[in-house]
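Two chains, each in its own frame: build the complex with the hints.
Which chain is which? The protein sequence lines are A and B, in order.
Residue 74 in my numbering sits at position 74 of the first sequence, with consecutive numbering throughout.
Residue 35 in my numbering sits at position 35 of the second sequence, with consecutive numbering throughout.
These aren't lab readings, by the way, just hints derived from the structure by calculation.
We treat Cβ as the ideally placed atom computed from N, Cα and C, and that holds for glycine.
Check the hints yourself; a few may be wrong.
Stated by the list, open to error - Interface residues of chain B toward chain A, partial, derived using beta-carbon atoms under 10 Å:
| hint | residue |
| --- | --- |
| 1 | E50 |
| 2 | L60 |
| 3 | R99 |
| 4 | S117 |
| 5 | A135 |
Said to hold, decoys possible - Here are some chain A residues the structure puts well away from chain B; computed CB gaps all over 10 Å:
| hint | residue |
| --- | --- |
| 6 | T22 |
| 7 | S28 |
| 8 | E39 |
| 9 | A46 |
| 10 | L66 |
| 11 | S67 |
| 12 | F75 |
| 13 | P76 |
To be verified - Chain B stretches covered by chain A per the calculated footprint, using a threshold of three residues with CB under 8 Å from any CB of chain A:
| hint | segment |
| --- | --- |
| 14 | 75-89 |
| 15 | 121-127 |
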Amino acid sequence: MDVLYFAWVRERIGLPREKLETSARTVSELVDELVAREERYAAAFADRSALRVALDQELSGFDASLSGVREVAFFPPMTGG
Amino acid sequence: MRISVQEASFDPGQEMNAFASGRKDIGAFVTFTGVVRDTGEQKLQVMEIEHYPGMTEAALRDIAQQAVSRWSLGDVLVIHRYGTLKPGEVIMMVATAARHRKDAFEAAEFLMDYLKSRAPFWKREVTENGATWVAARDADEDALERW
Numbered sequence: 001m002d003v004l005y006f007a008w009v010r011e012r013i014g015l016p017r018e019k020l021e022t023s024a025r026t027v028s029e030l031v032d033e034l035v036a037r038e039e040r041y042a043a044a045f046a047d048r049s050a051l052r053v054a055l056d057q058e059l060s061g062f063d064a065s066l067s068g069v070r071e072v073a074f075f076p077p078m079t080g081g
Numbered sequence: 001m002r003i004s005v006q007e008a009s010f011d012p013g014q015e016m017n018a019f020a021s022g023r024k025d026i027g028a029f030v031t032f033t034g035v036v037r038d039t040g041e042q043k044l045q046v047m048e049i050e051h052y053p054g055m056t057e058a059a060l061r062d063i064a065q066q067a068v069s070r071w072s073l074g075d076v077l078v079i080h081r082y083g084t085l086k087p088g089e090v091i092m093m094v095a096t097a098a099r100h101r102k103d104a105f106e107a108a109e110f111l112m113d114y115l116k117s118r119a120p121f122w123k124r125e126v127t128e129n130g131a132t133w134v135a136a137r138d139a140d141e142d143a144l145e146r147w
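Isolated chain B (complex conformation) (with noise of 0.2 Å):
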């Protein structure tokens, strides 16, 4: 399992190799890529995003180990960037491997799921009318429903 929380850049498709590399025992790789949007009604310049030291990394293990209880997987990796991003810039990747691409699908959700409301990150948009922070939308709560 590798969790890393980080204001560099990272190349998704090489994380991805590093991930799956020497792995016979895996039948299934799912990864989900997320991309800094520009949904056009207001150019974003910048996406800032913040995070709380210390309690993000530990929130991101808890996340990836209640997956790793729930499912039947080889590994888990979740990569999670901060700082101010410009759009169509990589924001962050979750990667499952598993034996049979169900647990693989379903856990690589319940990363996104848990990610986006309860890891301590917070996105603010900067445009050329000012700058908000991005609210949390209830859908999201509601999609912890399922699991």
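Just chain A, same shape as in the assembly (with noise of 0.2 Å):
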């Protein structure tokens, strides 16, 4: 699975992408999995209502099942316009 991450969330775990390995079912479970990992992922998702979510490019939520996703990215609210 290729994850993705953007803007802040890309600087505090220091780099764009990579791919895992994982049997976490949800996003959560990832996220989970991550934290655990090493403390920039730690600090990346301190605080999970910062952050979004999106699974091959569609906007999900935390709670959304991994079954079948090929790409996942975080990434902080947008900011367009």
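Next up, the structure:
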């Protein structure tokens, strides 16, 4: 599974994307796995309410299933326009 | 409908003329142009705009499709830049074409409100005191409720 990070999430984790093998069933479980891995993930995901997630480029929720998902992206609320 | 996510600068006047060219069935064009603004408190050197290639185009197309399904529109144009921009530079533009002005105005406002908080762009302001990511404003999220 490809996991992408944007804006300050990318800066805190220190890379724009990575390939992960995971048995996580939901986005929340994936975040739990990452947070347990290293401090930089814990820093990036410290406040989940300040983050958005997209599954295969569709905005989604942290309780969403990862079944069949190829690309997960984490980012702060958007600021376009 | 034209959606463009691009690094290159553009001329809003030229884009408007091309958008309007040859349309005899349209009574109203509304355009909005966004410009990088220096708020003045801390001198803005550049604005960096990050986006999510692929998702950005799809999100803009989806927002434009929603506008087309809600109002009677002849055409829609959305251009949004990414990369490093200086104060005074054009950052984005929307244009709507309709038989009547109400549809054109409302659809343009809808496009802007959705684009602000549903299109995957992130702005980072670089000043002489350092760089900060622009935080999303609650008012932008609240603006969606009226639609």
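Verification of the hints:
{"no.": "1", "hint": "E50", "in the structure": "6 Å, holds"}
{"no.": "2", "hint": "L60", "in the structure": "9 Å, holds"}
{"no.": "3", "hint": "R99", "in the structure": "27 Å, violated"}
{"no.": "4", "hint": "S117", "in the structure": "6 Å, holds"}
{"no.": "5", "hint": "A135", "in the structure": "7 Å, holds"}
{"no.": "6", "hint": "T22", "in the structure": "21 Å, holds"}
{"no.": "7", "hint": "S28", "in the structure": "21 Å, holds"}
{"no.": "8", "hint": "E39", "in the structure": "20 Å, holds"}
{"no.": "9", "hint": "A46", "in the structure": "15 Å, holds"}
{"no.": "10", "hint": "L66", "in the structure": "17 Å, holds"}
{"no.": "11", "hint": "S67", "in the structure": "20 Å, holds"}
{"no.": "12", "hint": "F75", "in the structure": "7 Å, violated"}
{"no.": "13", "hint": "P76", "in the structure": "7 Å, violated"}
{"no.": "14", "hint": "75-89", "in the structure": "violated (count 1)"}
{"no.": "15", "hint": "121-127", "in the structure": "holds (count 4)"}
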